[in-house]
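Participant: As given, the protein sequences belong to chains A, B, C and D, one line each in that order. Position one of the first sequence corresponds to residue 187 (the numbering used here), numbered consecutively onward. Position one of the second sequence corresponds to residue 187 (the numbering used here), numbered consecutively onward. Position one of the third sequence corresponds to residue 187 (the numbering used here), numbered consecutively onward. Position one of the fourth sequence corresponds to residue 187 (the numbering used here), numbered consecutively onward.
Treat the hints as calculated values from the structure; they're not laboratory data. Treat the hints loosely; a few may be bogus.
To be verified - Here are the computed distance ranges between Cβ atoms for each label pair:
| # | chain 1 | residue 1 | chain 2 | residue 2 | range |
| --- | --- | --- | --- | --- | --- |
| 1 | A | Lys205 | C | Lys391 | 39 to 45 Å |
| 2 | A | Gly397 | D | Glu291 | 34 to 40 Å |
| 3 | A | Lys349 | B | Ala237 | 29 to 35 Å |
| 4 | A | Lys349 | B | Glu405 | 35 to 41 Å |
Please read all numbers here as calculations on a predicted model, not as lab measurements. Each residue gets a CB set at the ideal place from its N, CA and C atoms; glycine is no exception.
4 protein chains.
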Amino acid sequence: MKALVYHGPGKKAWEEKPKPEIKDPTDAIVKIFKTTICGTDLHILKGDVPAVTDGRIIGHEGVGIIEEVGKGVTSFKKGDHVLISCITSCGKCEYCKKQMYSQCENGGWILGHLIDGTQAEYVRIPHADNSLYPIPKGADEEALVMLSDILPTGLECGVLNGKVKPGDTIAIVGAGPIGLAALLTAQFFTPSEIIMIDLDDNRLKVARTFGATQAINSEKENPVEKIMSLTKGKGVDVAIEAVGLPATFELCQKIVGIGGHIPNIGVHGKSVDLFLDKLWSRNITITTRLVDTVTTPMLLKTVQSGKIDPKKLITHRFKLDQIMDAYDTFENAGKKKTLKVIMTNENE
Amino acid sequence: MKALVYHGPGKKAWEEKPKPEIKDPTDAIVKIFKTTICGTDLHILKGDVPAVTDGRIIGHEGVGIIEEVGKGVTSFKKGDHVLISCITSCGKCEYCKKQMYSQCENGGWILGHLIDGTQAEYVRIPHADNSLYPIPKGADEEALVMLSDILPTGLECGVLNGKVKPGDTIAIVGAGPIGLAALLTAQFFTPSEIIMIDLDDNRLKVARTFGATQAINSEKENPVEKIMSLTKGKGVDVAIEAVGLPATFELCQKIVGIGGHIPNIGVHGKSVDLFLDKLWSRNITITTRLVDTVTTPMLLKTVQSGKIDPKKLITHRFKLDQIMDAYDTFENAGKKKTLKVIMTNENE
Amino acid sequence: MKALVYHGPGKKAWEEKPKPEIKDPTDAIVKIFKTTICGTDLHILKGDVPAVTDGRIIGHEGVGIIEEVGKGVTSFKKGDHVLISCITSCGKCEYCKKQMYSQCENGGWILGHLIDGTQAEYVRIPHADNSLYPIPKGADEEALVMLSDILPTGLECGVLNGKVKPGDTIAIVGAGPIGLAALLTAQFFTPSEIIMIDLDDNRLKVARTFGATQAINSEKENPVEKIMSLTKGKGVDVAIEAVGLPATFELCQKIVGIGGHIPNIGVHGKSVDLFLDKLWSRNITITTRLVDTVTTPMLLKTVQSGKIDPKKLITHRFKLDQIMDAYDTFENAGKKKTLKVIMTNENE
Amino acid sequence: MKALVYHGPGKKAWEEKPKPEIKDPTDAIVKIFKTTICGTDLHILKGDVPAVTDGRIIGHEGVGIIEEVGKGVTSFKKGDHVLISCITSCGKCEYCKKQMYSQCENGGWILGHLIDGTQAEYVRIPHADNSLYPIPKGADEEALVMLSDILPTGLECGVLNGKVKPGDTIAIVGAGPIGLAALLTAQFFTPSEIIMIDLDDNRLKVARTFGATQAINSEKENPVEKIMSLTKGKGVDVAIEAVGLPATFELCQKIVGIGGHIPNIGVHGKSVDLFLDKLWSRNITITTRLVDTVTTPMLLKTVQSGKIDPKKLITHRFKLDQIMDAYDTFENAGKKKTLKVIMTNENE
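Next comes chain A alone, as it looks inside the complex (with noise of 0.2 Å):
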């Protein structure tokens, strides 16, 4: 089969791989039908995530069609139409237990980053019972591909770890896809108003149609002051940092208000300054999390009941085997206004 394949630091490939078999019992292989390419495949391929090897195949998103499993998976047979979740969980350890997937002790994140991923023709999925989920009849694939990671990563990390209610304020920082995503979902709790900051004003105009109700380029305004004003100098109740730099998290310190929350999504390379001499009396609280994709059955059905509309998130189409241009347009996607890029496997 054809996969992409990291080789060291800038090298990548769409080559030939043996097609994965079953190893143990609870594995499946599914047919990859769609997948798409995430910021973190791009951290990857710069050399950033040293576990990454030589040799591995990349991806952890993607819908596709059970091609085999093994005899302990009991949930799924050949044939089904699965969403494939970015964490793969064991459902027995100690932290499966209590639902943080994302720190399974036999699982985890290890899609396309210490096992072979989802950026191939096919792919082997360990505890195949717990890491996939059954795709309902008539549902809309594509959208689904959303699921696998960016949708449970900006609900998990920045809406629910923020406590978003209804009639809050609320400030997302980066309109990034992960951002985006977290704009979307937190309006399953209807905050009153949502201000979107970045820096690129393509993506502030997508934030607006999304449903942003203000839209900060914080190169051109000052963001703090801006908030401070729009919130009569009460800050805001929950500011997400969807980005992952210092300077971002500190934004996030200076906008939020009294007993408000900083729920972190952000991928970060350093520490950063936590201003705790004026916090440490304002009733904060600030959160971690890598996502646990708990939420994947409640995401499936707003996404069946029409509820909330992924798809929105998806700017390029690619087939499969044009992955190295689906790449380029992702890694230029200032240029080439991207957001998501969907792959699609038409291999019979």
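Given chain A's structure and the hints, the job is docking chains B, C and D onto it.
Facilitator: Leaving out everything else, chains B, C and D in the frame of chain A:
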């Protein structure tokens, strides 16, 4: 009347001041029966709290007897024995309605800070109906002085914000009065292990008699190594910061386990390093809080029913007019093995 | 002034009464601008609420303008536009401190019940600081009349107590004004399916335009069978009781799924059968509640930001002195397709 | 092997049965070391649980040693000491993923009910990885038998569902083993007062030694009057139903205070009267639950750290082949002052 008055950094005097009078209809005048000294009072006297100006009577803890009430006070009358909360709350602003009394728009921490305080023969308490608590007949009033500030602070900022649960392994960094208050109140929720960390062997010894299951002198042992060994490399469920220094907050980050909580109690004078590069994916919650004293009614019940004995925290007793000696004893806590001091007004 | 006065079962009159005066320093006198009629008022007029005595002015909803405030009122002044809460709260008793205003020891539901109410040209509001809410400049005051009682009731007793979540399937038994208020506010939390059950086809039709995804006329269809079929035999996540009869409460028990919630809103006149033999092992939660109106500030924000449109509930409008006609319209709701009526005081 | 076999209403025998074998790869065979008898077993033997058929080995509690595991079992191996949960959970169905193991689509309460149980020399445990718990080295295994069912039942259905908090006044209706388990585990949360109600003076005496602060024999005293007097007319914060009769559930409704909780533990054979005419406006929460045994890991920690001593519940000890005597002792609990009996398998 006599009162302890701040006269600029390093200067205090026990001197004559006018007896306070009712200014607003919701005020009460309380004759102080017993009061104590808080670590914050030492900060004020050093000049660390610029909002406190020359001439201010300090102190924000105590019990006493109602001397007079304004016309708007309906819950108390002359002669009632009352517990004074360190937090004044109006009961009608946005924050009071959310039970965040510390942030009251018409109160908050003002006693011995922005208005005259309790280290005096009499004190004026604004918004008396919401800022005083009736002392049940027969209660041990000395014990209740610990409910003005230190016990609700340990409980709310440390234990409740840390979501301490039965079976948890928790660490408390700092075995001063506030850390010990967290230790006492943590036991409301039956953690399995309570690890106390300090530099003072006497305080650690006290902590053991108060219920700590482990005590680590962090000058003699490496606390991170010790805790990782005690927890089989998992770290603690809750790491309570009860000091207020960058090093102790950093220690909390190093010992907290996956999914854990770092509730900050310490008053911080500078920003601290937040290790987001390590913690971003570990499902951690960090909280800050100024005590709201919303738990005072609950604490009163637990004291009355003998479930907690706050008198354990009291090591030295003085007459109110020996307050300069009391300060000396409190300032030299290490040498004199002081935890909390009590000063009693014996004038009729 | 003119007022709607109860004169024993079946007797009411729009008659002259003395204008109310300040009695306590925390009182305000409000000139009524707009008011409405509640189902409870009809019960009172029938004689079902014995605490209401001959001569009482009824009504507990409305908006108006402050005419005068007592000396203890600090948040309002003459000329302020205010929303009147149906619940009077002192802000300082045990229950108010737990945000359970409905149970206030010095208030609760007293307007138009134990003291004179809002169906008059003027009303005295005790504990004004905690029982009135400022109306933002430019707000649609007619819409806000729905926030006195009906919207917080649907939200607090039905939606919040029922813990409605994104993706849930919920049923609302009763499509009267209160059931419709639950329908509107349930959508704050994005349930996937909202099944409305009633006997009145017009109300079911209205429910569909308000967001119901299914409507069942329980005279024409078996609601249990229909719901079991819609939910593949699982039952609903939340079954909101919005009628107050044994039969409707029993229906909720029959349609609720494992782990589900039955939040009761209905005012019940007799005890009901609880099927513990069937439910004891099904992890069910049943709640009761008198509206606390703690969500009023949040509702004000959602109305101001256009997230909810309470005016949809208003079907008929009258001048205040046409109140006898308004009652007639409200009492003949089926024939006249009435939901809520608004009476406006046009006297300057 | 020998086993206790049900042979229709009123008939049981300790007789030879085939030793169980692995049927599914996720099964384990456990050699029983210690087991006990549950009130439910008596119901089964009377014929009250029609799903239990002639020939069934009953019993759903115990500790033992792994004899053999299926190929899909990864957490246990031959020779491991294990605690058997009364609830079998697959770890992958909709309910298991919500931690509602009692409702597991592939398990739930099946041991000694739908499949052969633990009152035998060997038992087959399906879904062993999720249904067994490793026993820590050196643990008191007799004590842990109480963790198979009775302690998590008292804790989850009674204490956690009742949201017992520090300072609360709680009542437990029924001082049988399950009520006493609620009494022991309620103390994890430090209520101020625990009022125990029963008809048996011995059990009430035991309750006092277990931590009850009040004991009411409801044949000798009017429990409603007594509790109203003890609580100054307010009623209790939590009224735990631990009997399963209409009269005891009604008693809970009469003693619960405003805002209170009625968590039902009792197994009910008929419907009960719910006094909605009185309770509709009192902000009450009623819950039902079949134990999910999600608290087993936490209970193991609290037992290991000495925070709770479940052995207190054991009054009589037998060899496993004396099980008919053990039943006699358990059935005549009043006369013999029996709480829980333990049967030990002494065969090597």
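Participant: Can you list which hints this structure breaks, lowest number first?
Facilitator: 1
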